[in-house]
Amino acid sequence: MKTEFSPTFLNTPDGKLANEILRTCVHCGFCNATCPTYQLLGDENDGPRGRIYLIKQVLEDKPVTQATRTHLDRCLTCRNCETTCPSGVEYGKLIDIGRKVVEEKTTRGFKEKMTRKALLSLLPYQKRFTSTIKLGQIFKPLLPKILSKKIPKNIKAGNYPSSTHSRQMIILEGCVQPALSPDINAATARVLDRLGISLIRPKNAGCCGAVNQHLSDEEKALDFVKQNIDAWWEHIQNGAEAIIITASGCGAMVKDYAHLLRDDKDYADKAKKVTELCKDISEVISKEDLTPLQTQQRQTKNISWHPPCTLQHGQKINGVVEKILTDKGYNLLPVNDSHLCCGSAGTYSILQAEISQQLQANKIKHLTKHQPEMIVTGNIGCQTHLQEVSDVPVVHWIHLLDN
Amino acid sequence: MHLDSNTQNTLLDQLSQIVSSEYLLTTTEALTPYECDGLSAYQRLPVAVVLPDNIEQVQKIVQACSNLKVPIVARGAGTGLSGGALPHEGGIILGLSRFNKILSIDTNNLTAVVQPGVRNLAITEAARPYGLYYAPDPSSQIACSIGGNVAENAGGVHCLKYGLTVQNIQQIKIVTINGTLLTLGSETFDTPGYDLLALMTGSEGMLGIIVEIVVKLLPKPHAVKVLMASFDKVEEAGNAVADIIAEGIIPAGLEMMDKPAIHAAEAFAKANYPLDAAAILLCELDGDEDQLEEQVIVVEKTLKKAKANNIVIATSAEEQAKLWAGRKSAFPAVGRLSPDYYCMDGTIPRKQIAHVLQKISEFSDHHGLLVANVFHAGDGNLHPLILYDANKEGELKTAERFGADILELCVEVGGTITGEHGVGHEKIDQMCVQFSPAELTQFFAVKSAFDPDSLLNPGKAIPTLHRCAELGAMHVHNGELPHPEIPRF
Amino acid sequence: MKIKDNDISTSLQQQVKSAINDKKSLCIQGGKSKLFFGNRFDAELLDLSQHTGIISYEPTELCITVRAGTKLSELEALLAENNQILPFEPPHYLFTDKDGTTHNTATIGGAIATGISGPRRAYTGSARDAILGVEIINGDGEIVSFGGQVMKNVAGYDLSRLMVRSQGTLGILLSVSIKLLPKPANDLTLSFDATQDQALAVFQALRVQQLPITASVWYNNTVSLRLSASELILKTSHTRLNTFLNDKFPALSSAKADNKSTSFWQEIRDHTHPFFTLTDKPVWRLSLPPATQSISQIDDAIAQKGDAPEPSQLIEWGGAQRWIHSRTPANIIHNLAQSHGGYASFFYNKGADDETFPALAPELFKIHQQLKRKMDPHGIFNPNKMYQGL
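Protein chains in written order, with numbering that gives the first Met the number 0: chain A, 0 to 402; chain B, 0 to 488; chain C, 0 to 389.
Do not take every clue at face value.
As the list claims (entries may be wrong) - One side only, chain A facing chain B, incomplete, derived with CB under 8 Å:
#, residue
1, Thr2
2, Gly41
3, Asn44
These are calculated hints, taken from the structure and not from any lab test.
Source: prediction; values computed, not measured.
All C-beta atoms in this analysis are idealised placements derived from N, C-alpha and C, irrespective of residue type, glycine included.
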């Protein structure tokens, strides 16, 4: 595609990258076919090809208003389009740049600003978020429905194993997951313990930075990123085999650290190492001999698997969890449109509630079509989002190995 | 060409009473993503984009435009490669993307009723549980809409055996320029009166707006085999195609790719294409198991005789899907080789394949631009992709000249300038080469029977005699220069 | 097969130009085999039967370009030498002269202009599906070409397909290019007894079975299927058909090979079968969605009038084409066909004023008239043949 960037912008790292990405796009429109918002709204401006065009206009210094920003806001960043794109356009990276520039060039209304600020000052901070959820759980009956349904039941983490193995891996605790579903990492620790692996839970690590990154607050995002790298570094030097992520949304972000800090002279090398070591839990489990996990007869058999976008499109991990579960004797029911986003998409379910709910309704219809006993997924965001409207339990798949 | 501001204001006012503001786009910012379709080399901004979601709205929109004499360009998924949905500066884009529902599937008569914005592949996906599918499968089938397929008479890799869109639809509903809803064709095998369904198919949105389609569905073949043969010489692959047909076999698909195309497709699809081959042929055979067995033996023998140096037979569905994935994504995958490409669509008699490929490679040297060849070899439909960089001054012009040379060559050897992508905006000048003034006049006569004020997609597909005369690219019939009264420049 | 190469396009063009000058209309005629098809009208004869010959034919291109007056019998013989066929198996209706002698004179031009397809149509497509290009004399007396000789061609409006079934009302066909198919090695006819309801149910179930069927008929409580393939495949297909019948239709007996097959299918194709020749009752053709249930109302009407209980229906194309003998008034038959989503045309034993085709919806007819006026501005080609006022 032809681009006409100003030479000043073209010489910045963002300008150079955006130009490279735009020039791989041949405008074929395949991406629209798998874009959840284009499928719902039918406006070119609400599909990847149109958004790429909008971003191109902004980067070429054409006038921009909140209309463009709205269309970019409506993007779920599910990156389904990247999976579909034969030309290899790195849309995820382009929209980050586009959002950043549009944020600078347009002003949001007061209410919108406040909501985004509130999310940014709450979600990434584990302690703040946990206490908010705790309060919410107490006062749930008093809250308006739109909020109350977002607050999950109080879940106990369960025990962490006490034994220590020579094989060690770091686990990312994250920010919202410990409050919403503390049992996921505990179960992961127990499963890995039986496979002879111990988990390190570094104290100073926190949010992966994705919340800020996707709300166009790159500066703060990079603070989180560096904080995590600092927290992990000594363990990496001591021979930790991997950095395990149990929420695929965080995994996609951590795998991007090398890219985000590519021009940072202090952190570029470390970030590269972190990205190399970063593994979704499914990648770790699939490489292990799972014989130690053979256990008693289990009750659950028929399940629906919801592959999170950050796993299938962001990290391009397909068929791995499916194989682990099938090998363990679970029957994965067929699910239509499993490539489409459930509408959770980080803060999207709050900021774009209407579209999010339509996607949620479509998703749950497909997931429950063949009456599963349980829906399993691999990302805390999808899990809580789907649980809101699901009559059957929605759990992280790692629980199915923890019994 | 632009609308005067009075008309524009009246138009927008009327349109705003038909669709909600969200579906009436009027700012430059929102219109720009609609300035081109799948052919991004040409852009124009429309006055407005309207996105209705029911037939009544379409009728009202068309009536409003018709009364005000405002041009209408219909647009489906915007994946066309000939600029058929390129906007008109003084007109609107009538987007049918919200018409995206499959209304019913009739498993007794093997048909489906679908709205025009439904994606081609979505029909097959919906029919799959019944063991049925929709046969025409253009490479963009994941994204292209069935309405666009009808408007362009889209083909695909399975045309040789199963036909183009025109052979695979039974009925359409159209809104005429005066807003009338007409049903053309029927759910039976033929319909009284003229075959207006056929006339409408491939008419590039110039005779009516397609708002509903009844497509034929076919039972999924019991068995499918895909053979991939690699060749050291492009000509040998070309000759192998005629040899297969001469054996009395009509493959379901018979496709060819040359080296650059193989490399680009392999990078995306990882289909295990042989990277050292000069060309590969993909041959799909289908039917019941016994018939297939017989055919595979014959084809394999024929390919060997035609000097194929390696033949792979994919029997599992996954292996076959992989081989096809590379072919189907070959166009955009070429985006990995070059920032821009210009896709040609000529069709030639099969026997000319080797000759034409040789000439294309000479043109490539002459113009200094690389070319990747991907094509439906079974039906002689070539898709040379001319690689260029739009950011480089003058390269688009060179690519256009190169393209024109290829198309004129196709006409010269007894073929046509477009097999399935349509003429659109892109190939309009080459129409002067393929058709005589009398023939072009005949096309205009047909157009005026449906659209006397020429408001539906004006300026596309059929060049005016004037345009042809100015180009000097006039079709010369029996050595006489036609219409000497037209001034030439 | 040697076909006489005789290009008379210049003299035909001259005749058209004179007709335009003299404001005379023309009656376009080839082998006279389908004179009954359409309405009668007065006009000067334009005879295409001498405009014959093959313009180009290369078997590996799967295409032949042939002059309109070429006889189907000669064309098909030539194709057979190269193991190829016309996919739509056009009927050779016979022309009966004043002495009562019949002649096999049907031409390819007539087959295309009327667009009538034969038994194979339901399986390998119609005349309109097979057409690739045409050369015509247009309404201004000019010779113009549309389409071409290649399989795929979307340059310009599809005027070649528009010519099919337009019955010479939009232009005079000089030559046509047609897509060909390889001729299957062998044919096998399999027959079994079935009532009309059973036959329709079998046809319905067979639609998704993928047997190499190339023709189907139900007549006189017998289903006949023609299968075309290699000897070996025919053998296995016979077994598969019987297994299928046994599984799905246990009440039916198994299908038996029928050795008088070739003449049978020719009789069905050419309407020399007794069903068509031995009746003085009106013969109607109903074109219906193939899965339409049996249409018994028409039979009932006959029974009430005390007609002989001879078989009054012959079904082809897996249910999509049904031939009916019936004295039921035309409007009732038209309504009946329409109520099932199809239409009826009046084929044989018509009265002088009976129209062949059902009326078109007014808006649709208006478009037909506009198109006719644009394509034939002087109104000289077969006026009123399809419809009064067209």
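A/Asn44 as an interface hint toward chain B, with CB separation required under 8 Å = At about 5 Å, which falls below the 8 Å cut-off, the nearest Cβ of chain B leaves the hint on A/Asn44 intact, so it holds.
If you take the shortest Cβ to Cβ gap from A/Thr2 to chain B, is it below 8 Å?
-> holds (7 Å)
Per-residue hint verdict: A/Gly41, partner chain B, C-beta under 8 Å = This hint holds: A/Gly41 lies near chain B, its Cβ roughly 4 Å from the closest one there, short of 8 Å.
Against the hints set out earlier in the document, no violation occurs for any number.
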